[in-house]
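Undergrad: Could you put together the complete structure from these sequences and hints?
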Amino acid sequence: MTINTALRTAVFNALDGSIAGVQRVVQGRVQDADSGAGTAFPMIRIGAVVITRRDTQTTNGEATIIRLHTYSRSGSYAQCAAIQDAIYALLHRQPLTIAGYANISLLREDTTILDGDEGQAHGVCEYRALVHQS
Amino acid sequence: MAQQNGAAFLLKKNSVTVAGGRTLSLTVNGTPINTTTKGDGGVQEYLAGVLTGISLELSFEGIEEDGVLRGLALGAASGKFLTDVTVEFPDGDTLSGDLILTNYAETGSYEDAQTFTATIISDGAWTYTPAV
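Quick note, the sequences are listed as chains H and V, same order. Its first residue numbered 1, the first sequence is counted upward by one per residue in the working numbering. Its first residue numbered 1001, the second sequence is counted upward by one per residue in the working numbering.
Since the hints were made in silico from the structure, they are not lab data. One or more hints might be untrue.
Estimated spans, in silico, between C-beta atoms of each pair [stated by the list, open to error]:
#1 H:Arg29 / V:Ala1002: 47 to 53 angstroms
#2 H:Gly100 / V:Glu1106: 23 to 29 angstroms
#3 H:Gly47 / V:Asn1029: 51 to 57 angstroms
#4 H:Ile65 / V:Val1132: 45 to 51 angstroms
#5 H:Thr97 / V:Ala1002: 41 to 47 angstroms
Negatives, chain V to chain H, calculated, CB over 12 angstroms [to be verified]:
#6 Thr1027
#7 Asn1034
#8 Thr1035
#9 Gly1079
#10 Thr1083
Note that the coordinates shown come from a computational prediction; the quantities given were computed from them, not determined experimentally. Where a beta carbon is used, it is the ideal one built from N, C-alpha and C, also for glycine.
TA: This is the structure in structure tokens:
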């Protein structure tokens, strides 16, 4: 399994069903998860993963950045911020089990909340994971 | 000679590659004997064909993976005198001889893997064997 897939799966497993009030954790499009009913919010979407080579002479490793999106239709930033705090508690400096890889460190790099479509609050946070093939 | 892959420039102990290395550097030093006199017209001269203090120095740095160098650095002084270390060049040339681990440092950053640097110097003559 490539690190892209393995990392997405590991983060999904860590977040899915672990944060009270979050209706869905998805990897696809928000539109496909909700189908217009609005019942899938608030939701977390696993977004882009940027992978940078970080090898040694004897081990293949990567530095990765995974972007997590939080979508809330509560009408304020508060719900989005609370979910991002919950993600932080689950991921920052926590041991992440990644199939086929050893996770050396997992740190939140940055976080922000933007104005989304139709009054949504759109949270974006990025986590940096250092891994090597095990 | 064709260009060579730096990743294949390896430090080995007892025939096993020391793990985690990212950069290995080899420096050969030697000091000529200055024989300059007033009669040389201000131009320095050296004793032909003679070098003193001929030595070899290896600088090795990377991400700590196997604890081999750490064990030597923190162990007894006698353990730093190495008789089973070889250097393999990417084109198959090899270098062997008695060496001494003279410097070792490890660094742990709050946001990075544990890294190391090491300096190894020659102790006596070495054997350089070009690849067949």
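Undergrad: Is the hinted range of 47 to 53 angstroms satisfied by the C-beta distance from H:Arg29 to V:Ala1002?
TA: 49 angstroms, holds
Undergrad: Determine whether the non-interface label on V:Thr1035 survives the test: each CB of chain H must be over 12 angstroms from its CB.
TA: 44 angstroms, holds
Undergrad: So the hint says 23 to 29 angstroms: do the beta-carbon atoms of H:Gly100 and V:Glu1106 match that?
TA: Since H:Gly100 and V:Glu1106 have Cβ atoms about 27 angstroms apart, the given range 23 to 29 angstroms holds.
Undergrad: Taking the Cβ atom of H:Gly47 and the Cβ atom of V:Asn1029, is their distance within the range 51 to 57 angstroms?
TA: At 53 angstroms between Cβs, range holds.
Undergrad: Does V:Thr1083 sit more than 12 angstroms from chain H, CB to CB?
TA: For V:Thr1083, whose nearest Cβ neighbour in chain H is about 23 angstroms away, the distance exceeds 12 angstroms, so it holds.
Undergrad: Per the hint of 41 to 47 angstroms, is the separation of the Cβ atoms of H:Thr97 and V:Ala1002 within bounds?
TA: 43 angstroms, holds
Undergrad: Would you say V:Asn1034 is clear of chain H, with no C-beta pair closer than or equal to 12 angstroms?
TA: 40 angstroms, holds
Undergrad: Determine whether the Cβ-Cβ distance between H:Ile65 and V:Val1132 falls within the hinted range of 45 to 51 angstroms.
TA: Given about 46 angstroms between the Cβ atoms, the range holds.
Undergrad: Report holds if the minimum CB distance from V:Gly1079 to chain H is greater than 12 angstroms, and violated otherwise.
TA: 22 angstroms, holds
Undergrad: So is V:Thr1027 really clear of chain H, every C-beta pair being over 12 angstroms apart?
TA: 19 angstroms, holds
The structure meets every hint from the earlier list without exception.
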